[in-house]
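One-letter residues, chain by chain:
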Amino acid sequence: GAGVSQSPSNKVTEKGKDVELRCDPISGHTALYWYRQSLGQGLEFLIYFQGNSAPDKSGLPSDRFSAERTGGSVSTLTIQRTQQEDSAVYLCASSRDMSSGANVLTFGAGSRLTVL
Amino acid sequence: AQSVTQPDIHITVSEGASLELRCNYSYGATPYLFWYVQSPGQGLQLLLKYFSGDTLVQGIKGFEAEFKRSQSSFNLRKPSVHWSDAAEYFCAAWRSNTGKLIFGQGTTLQVKP
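These protein sequence lines are chains A and B, in that order.
Under the working numbering, the residue at position 11 of the first sequence is numbered 11, and the numbers go up by one with no gaps.
Add 116 to the 1-based position in the second sequence for the working numbering, that's all there is to it.
Not one of these hints is a red herring.
Simulated pairs of lysine to any residue, SDA-like, Cα-Cα distance not exceeding 25 Å:
| id | chain 1 | residue 1 | chain 2 | residue 2 |
| --- | --- | --- | --- | --- |
| 1 | B | K228 | B | I176 |
| 2 | A | K11 | B | E204 |
| 3 | B | K165 | A | G28 |
| 4 | B | K216 | A | S53 |
| 5 | A | K17 | A | L60 |
| 6 | A | K57 | B | T121 |
| 7 | A | K17 | A | T70 |
| 8 | B | K177 | A | T106 |
| 9 | B | K165 | B | T223 |
| 10 | A | K11 | A | T76 |
| 11 | A | K57 | B | Q118 |
| 12 | B | K216 | A | E20 |
| 13 | B | K184 | A | G42 |
| 14 | A | K57 | A | G42 |
Away from chain A, derived, C-beta distances all over 12 Å, residues of chain B:
| id | residue |
| --- | --- |
| 15 | S130 |
| 16 | S134 |
| 17 | N191 |
By construction, these hints were calculated from the structure, which means they are not laboratory data.
Here the structure is a predicted model, which is why all the values come from computation and not from measurement.
Where is the CB? At the ideal position from N, CA and C, for every residue including glycine.
Throw the hints in and build the complete structure from the sequences for me.
Shown next, in the form of structure tokens:
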């Protein structure tokens, strides 16, 4: 696609429910990133994918968070048993690859998650 | 640990005044450096980037940034601010062996008429 597409744009859920956030990167971009932006906070790195592989999962806040990417394209970030502190905007970004040394990320508009 | 610091959380300038937003990085070697802007309700937009070469880089919307190795800084500047520049600005750094683009905490710019 022309840009990074994220869905849903807005999600309100109850504490304890599971949520899935989807990211569709720019066509041909092999690298994909997830960030979290909480109110008044900066951007917190969560995880990145090179192809379908996630070399570094250290940024995931807890084992309730998981992410996968299939077919080297769409990625899903899943949060299980949501807590109120999970409320944030979840940003996805993609880039052409990670080997070029000029790794410019293009960001999606984000998915705003509110946990009641 | 690798980090990016933006010392100013909030800055207010008058329209037409000059602007400088500070950014410092802590890395073992010079990373690739970026400035992004996030307008209210909008996604992040790349303003400019520094990879190597000329230490003064030009970006979009009349912004420029200067890389100073001795100070580990990459400050963003604009000679004359417009009301539409009110937004949140993020400095970021990336090293090819980490796969991570690390962001500073952001600086919120308010523009007074």
